[in-house]
Structure formats: structure tokens, C-alpha cells
Amino acid sequence: MADMSSVPSSPPPDSGRSTPVVEIRDLVRSFGEHRAVDGLSLEVREGESVGLLGPNGAGKTTTLRVLSTVCAPTSGLVRVFGMDPVRDARAIRARIGVVPQEVALYDALTARENLAFFGRLYGIRGGELRARIDRALEQSSLQDRADARVSTYSGGMKRRLNIVAALMHAPRLLFLDEPTVGLDPQSRNHVFELVERLIASGTTLLYTTHQLGEVERLCQRIVILDHGRMLAQGTLAELARGAARVGVRSLRVEASSRIDEAALLLRARGVPFVMEDAAPSLEDIFLTLTGRALRDEG
Amino acid sequence: MRDAWILARKDLALFLRDRTGLLLSLALPIFLATIFGFAMAGMGDSSQRRVKFLVEDLDQSDVSAALVAELEASTSLRVERVQDSRRKVADGDAASALLIPHGFAADFGTDHAVSLKLYRDPGQIVEQQVVMGSLVPALARAFGASMSRELVRRGLAAFDFPVRGRPQAERVLEDAWASIRTLAAEHSTAGDGASSARFDFSKAVPAFFGLESEDVIGSGKAAHRSAMQSHAVSGTAVMMLLFGLAACGATLLQERDDGTLQRLQLSPASGVSILLGKMIYTGIAGIMQLVVLFSYGALVFDIPVLRDPIALAVHSLAVVCAATGLGLLLAIVCRTRKQLEGLSTLVILVMSALGGSWFPLIATPDWFQKLGHFTLNAWAMDGYQAILWYGKGVAGIWIPVVVLMGIGAVTIVIAVAGWRRRFEVGT
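First to last, the sequence lines map onto chains A and B.
Sequential numbering of the first sequence, starting at 1, is according to the numbering used here.
Sequential numbering of the second sequence, starting at 1001, is according to the numbering used here.
Think of the hints as simulated: they come from the structure by calculation, not from any bench.
Keep in mind that this is a model prediction, so the values were computed, not measured.
Keep in mind that the hints are not guaranteed to be accurate.
[To be verified] Part of the chain B face toward chain A, derived, beta carbon under 10 angstroms:
1. V1082
2. D1084
3. G1210
4. L1211
5. S1213
6. E1255
7. R1263
8. Q1265
9. L1266
10. P1268
11. S1270
12. G1406
[Stated by the list, open to error] Quick list of the computed label-pair ranges, beta carbon to beta carbon:
13. V1410(B) to N189(A): 52 to 58 angstroms
14. H210(A) to M1288(B): 44 to 50 angstroms
15. G182(A) to V1402(B): 51 to 57 angstroms
16. F31(A) to I1280(B): 44 to 50 angstroms
Note that beta-carbon positions come from the ideal geometry of N, C-alpha and C, so glycine has one too.
Only chain A is shown next, with the shape it has when bound in the complex (with noise of 0.2 angstroms):
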């Protein structure tokens, strides 16, 4: 368990636009030797759209974990809305959405039933659960299959489900852990509509993927994260111009006219080279950040 003993709990600060949501310092999460997160230490402010990026293990979803109140930190600082996700987990729970990887619906049950029970858990009754019911549907498409069973929907279906359940009681601050894993195209597409209308509204995300244009669609910063640790965040702007001082160097011949003889002279000196004509690619940046080497999960 976290000492957070001597770090006061605070309520909720007012909302505003430069007010930390997020606000995370020298995090530690440990499983026995391990250690999940190591030292990370991150801000989110209101109405931001930020996205996690990094390979399997790099610590995203134990991040997640710990800001959702689902695991405790071993130590460091964490708050959200200015609370602390141990000790204020019930006040902190009703003001957060999180959007699972996995699709975590009752099969059995309709997506209207399924949108009622999830309303209900957090105090929704009458009129006010019967318009977020329908405006989820809307949100998600499925008012035509609003009573059939979700077991009888497709995948990418489930998935709208999943996201919109999350929505139903209008958090201010929505987790999202990889919503499009597996999805076609125009259900991606459609994932991502949702979620810019959800940051145009201006709701505090935090989104986890593997799915580099899907960042750099969607968040307006980037935190790339690895073995627990943060390696670099920032715009996709500001990640490109930093790509020098973590290795990504680009040489640019003044005289375009003679590049290939650039080229040729650095070819036979045996200097391997790439020659791009645009800025280095997100994926770049994460790759050169990461490494190349094959990252399994077990």
C-alpha cells in the first residue's frame, strides 16, 4: 500500500480551465519486484485530451489503474479532482467514466437494460435515466437494436455500447483504454466522432492506444511511456522538434540540387542513411524512442 499518510486530502478544487484534473508526482506502483510505474510523474488539465502511448508493459494501463481508484500507488503523489484515489475512491468513481479495453456489457440483457443498470449505479432515476438512455443510444446508433439483446450485436456495435455506458452519468473526466481494438474502419471512425464530440464538449480525456493516428487524431498531447517511465510528452509539434534530442537527427543540405550528391558521398563513405522528404512521423518518434525490439506481454 501507498504512504500517502502525510499528503492531505483535499476537496475538489473549482473547475477552470488551468486547474490540474490529473495531477500525478513521482508515482510508483510496484507487484512484488516489479515495477509497473516507475517515478512517472504527469499533469492533465481541464477540458485536455491526452493520450498514453507505449508498448505492452510500458505502464499505460496500470496508470489508468491507479487513477481510477482500482489499485492503490506504492508511493508518490496522486490526485484526482484534487482527490486522493484512496482515500476519496467513492467521490472520485462518481466523477470519472472509464471506457474498459475489453467489452464489459451483460450480454443477456438489452442495450437499453444495459444502459438503465449502469444510470442506476450512479443515481440516475426517472426522467433524467430515461433522456441519457436516449441520448446514449443516439450518441452510440443503436436506437434501432435499443431492445435486442447485446449478445445479438456485432463487435463494433458492443464496442458503441461499451463507450456510451461510461458516458451515462456525464463525467468530467473519461478514461478510454484502446476502444478500437478490433473494429472496422467506419466503427473506428465512428468511435472517433463520438470522442471529438466528447473533447469538444469539453470533457478531461485520457486515452491509451497502440493505434499512433488514432493520438494523433484525437489527443492534443502526447505522453510516451516505457518500462514505467515517461520519455517524452508534448504535442505531435513539439515531440517532432524535440526528436533530435532523443536520436532522431535530420541533416538538411542547403543546396537541394545537390542532395544526391550528398547522398553518393556519404554512401561511399559507408553512412547509413535515410533520406525523408517530411518531418519525422509519430511512429518515428515512438520507435526511436521504444526500440524496434518485440515487446510480449505475459
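Fit chain B to the given chain A structure using the hints.
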């Protein structure tokens, strides 16, 4: 054929790696065969099982003391001297009781002799046979000589030849009785159909000794059938309840596997609420199961479920409480649904066999009955038999109810502790 063999080898490899499957197909039958073997062996073995027999001696004479001493010497009976023996049999304290009335010795052998009373519970037919098998010889040993002499005296008196006061005639009677005893002893030692002869003898002799039998609950074979049906319905209800509630407990593991448990844990609902919700669901499912099965028993077998509905409801709630606790405990102890399936099948079948869900414990050896009462099935069956057969109310079933509630409380406390350790968030 080659393909079939390749497929069969694959299935065999999977089977041998499935520890649950191996447990169910190999270990469980061994367990059950062991239980049945010991139970069945003891059913006909009086050295392993002495039938409780109540004696109420209101006469307190030398004659009645001689009879009681003969009964106490029996290797098949465990004699207990009591008062109010009829009520005790009616309450199910014992299968039968002998009342030796006031004036039995004084009037013995006279025309107005007072009869011995044998109170019987016809639901326990095996016990009745054991009792008669010991009672009749005891009566013969205690009163045989006097009874036969008295009969001869009466016969001779009818021919105007009173024996009393004629020493020679008395001596002839004594010699005749001694010869009969010797003959009977030689017949028994020779083993030529002794047991069947004794059986017939035991049926005929009670009337000869003036023994009056009274079934204090129901009457005769119909009553015995009704008792067996009550037992069958209750036994099945308890066993299937355990299976049903273990399956309800398994939904906890299913929710974990489906990810919905974590979703619940991420809601404002507390961990205890989640577990309590499971308990309420499990309990209601159990009550529904019992209501359906007992209603069926009432309709088809005429089981008297409405004799004392309050007692039946109280006892059923206690049974459901204990079974719910056990079901949840099994679900929390097991790591996977497959493990739970194997363990719950093993535990429930063994408990059902030991606890009398399949056959009445009363027919098993004493040690088996004691062992059986380490299971909740035995206490559940005690209560149901008390209500449905002996017609007891709430006051008459408080011991099984308290034991079952205790089992429920202990298993629920352990289940909650296990839940907190394994499933509670923030750890």
C-alpha cells in the same frame, strides 16, 4: 482412421491436463463409493449401529426391571429410560418406545392383565424391525416361562384341574418349559433357518405377550411411504439448492472474466454492496428453487408443506442462508470458473451423500450420522423431517435453524474477508 487417432490423442492430452475433469471423473467416484460403501455396510450391522429405544417404566417392579435389564443387554438397542415416551416418539426423538404401565407386574398372568405399549414411528421402518428383533426375545426371556406356565394352568383349570397347590403339576410345567428352551437353543445354534424362524416368531409373539402397538404418527405402510417421500423431496431440494447457489456464486467469477465486475468496482457502489447484491440475488434464487420443489412435492406426493408454513419458511431461510454463504465462499476460494465447477460438484455431492440427502441418516451407523452432521445437509434434513414428518413448529426446529444460521454467518464472514483480499479495489 489415422486422423481419428490423431484427434483422440489430442483429446486425451487435453483431458489429462484438465485437473478439474480428472478430479470429477476419477476422484469423485472414489469418494462417493467410499461413502456409500461404509454407509451401506453399516446399515445391517448391529455392531456398528444400535437403535435408540426409549423405555418408560411406570411399574417400577421386579418384573419390569427384569424386562428392562433384558433390553439393555441387547446388542442392537441403545436403551434410554425416559418419561413421556409417546410424545418423544411423536417428536422424532426415537423410532419407538416401550411403556410398562402401572400394575403390570401385579396383574401379570391374570385375566385383567395390563398390556405393554409399544409406540412406533412408522416412518422408520428399518428401526422397527431392529426393535422387534430385540424386544421379542427380551420379552420371551423375561416372561416366557411365566406366560407359558400361566397358559397351561388356564388350560388345565378349564378341565377342572387347577395346578396351583399341586407341587407335582408345578414341577411338570417347570420341566416342560426347560425342555422348550433347550429345544429352541439347539434349533438356533443349528442355523437351520433360524433368522427367518425368529422373524416369524417376532411377528406372532408380541400379541402373545399382550404387547399393544400404536403408530404415533400416520399409520402403517402409507405413513412410511409418506415419510420417504418427504425425505426424497427435502433431500433433493437441499442438494439442488446447493448446486443452484454455487452457480449463482459462479456469476461473480463470470463477471470478473467478462470485465463487468471491474466496471461495477469503478462505480460509486461499494465493494460490500456488490457482494451483498450477489447474496440477495443468490438468496432469492434459492428461495424460488425451494418454493417450486416443495410445491411440486405437495401436489404430486402430498407432502404437508402447509402443516406449519412459518416453521417451513424459517427453516428454509436458514437453509438458504447457509447455502448462500457456502456458494459464495466456494466462488471466492476458486480462481477460475472451471475450478469452481469441479470443487463445487465434489463438495456438494460428498456433502449430500454424507448429510443424508440421498438416504436417511437414521439408517446409517452412529459414526456415520455424527460425521454427517458436519455438513449443512444433515441439519437441513433434520429440520425438514421435523417439520414435514413430525409436525414440529418453530420451537421444535431451533437447533437446526441456529446451526444453519451459524454456518451461514461463518461462511459469509469468510467470503467477505476473501472478497476484500482478492477483489476489493484499491489493493
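TODO: Taking the numbered hints from earlier one at a time, note which ones the structure violates and give those numbers from smallest to largest.
DONE: Numbers 1, 2, 3, 4, 5, 12, 16 - these are the hints that the structure violates, sorted from lowest upward.
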